[in-house]
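Same order as they appear, the protein sequences are chains A and B.
Residue numbers for the first sequence, in this note's numbering: 1 to 107.
Residue numbers for the second sequence, in this note's numbering: 1001 to 1117.
Honestly, the hints are just simulated from the structure, not real lab data.
Since this is a predicted model, take the numbers as computed values, not measurements.
Be aware that one or more of the hints could be misleading.
[As the list claims (entries may be wrong)] Here are the simulated lysine-lysine pairs, DSS-like style, with alpha carbons at most 30 Å apart:
hint, chain 1, residue 1, chain 2, residue 2
1, B, K1013, B, K1045
2, B, K1045, A, K39
3, B, K1065, B, K1076
4, A, K103, A, K39
5, A, K39, A, K107
6, A, K103, B, K1045
7, B, K1045, A, K107
8, B, K1045, B, K1065
9, B, K1076, B, K1013
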Amino acid sequence: DIVLTQSPATLSVTPGESVSLSCRASQGISTSIHWYQQKSNESPRLLIKYASQSISGIPSRFSGSGSGTDFTLSINRVESEDFSVYYCQQSYSLPRTFGGGTKLELK
Amino acid sequence: EIQLQESGPGLVKPSQSLSLTCSVTGYTITSGYDWSWIRKFPGNKMEWMGYISYSGSTNYNPSLKSRISITRDTSKNQFFLQLNSVTTEDTATYYCAGVTRYVMDAWGQGASVTVSS
Chain A
1 DIVLTQSPAT LSVTPGESVS LSCRASQGIS TSIHWYQQKS NESPRLLIKY
51 ASQSISGIPS RFSGSGSGTD FTLSINRVES EDFSVYYCQQ SYSLPRTFGG
101 GTKLELK
Chain B
1001 EIQLQESGPG LVKPSQSLSL TCSVTGYTIT SGYDWSWIRK FPGNKMEWMG
1051 YISYSGSTNY NPSLKSRISI TRDTSKNQFF LQLNSVTTED TATYYCAGVT
1101 RYVMDAWGQG ASVTVSS
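Could you build all of it, start to finish, from the sequences and the hints given here?
See below:
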């Protein structure tokens, strides 16, 4: 199985800061990585697909980059509604796997 | 707009079977999506359990071995999860999701299931 390692586990920031969340794959997966946001008591929401492709309805402050084994989700100027947990997930091979998540919290 | 909704018992006894239904509206499940089950354990770990394709083929996570079955009822536009011989380690929130081009872009609201005697 492909292991996805997200870092950091927790990121404490103040609104207005810009942040980068990391996802590293245990083997090369091209750009077959997707990012989800999960707020408390809600279902996950797709933010970015295939490493860098934007999703309709998602604010432009969210962007993704990377290929191979290293991927980054960037949030430009964090807003209060962004405090939640972020997951990466690979679709390169079966079984699909998720990273352990990064919790973005208010400093 | 595709909408998914999970339903089923919130409490299951150890060694019994867990059964959940995912009802899909806004899209016909035979039209082109794949339909997955994912669960989130206490502590945030997420696990993909398996899927049934729009054509009816299935694929399961080997970690669940022979305990899992995903089926569907096309007349009701529903698909189902059955997980046998559950233990307390199967306590989780279970999500159904629609998958297009390998991306999980439509999710249900989740069903919390506790395994306890």
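Results for each hint:
no.	hint	in the structure
1	K1013/B - K1045/B	holds (22 Å)
2	K1045/B - K39/A	holds (15 Å)
3	K1065/B - K1076/B	holds (28 Å)
4	K103/A - K39/A	holds (10 Å)
5	K39/A - K107/A	holds (17 Å)
6	K103/A - K1045/B	holds (12 Å)
7	K1045/B - K107/A	holds (24 Å)
8	K1045/B - K1065/B	holds (19 Å)
9	K1076/B - K1013/B	holds (28 Å)
In this structure, every one of the numbered hints holds.
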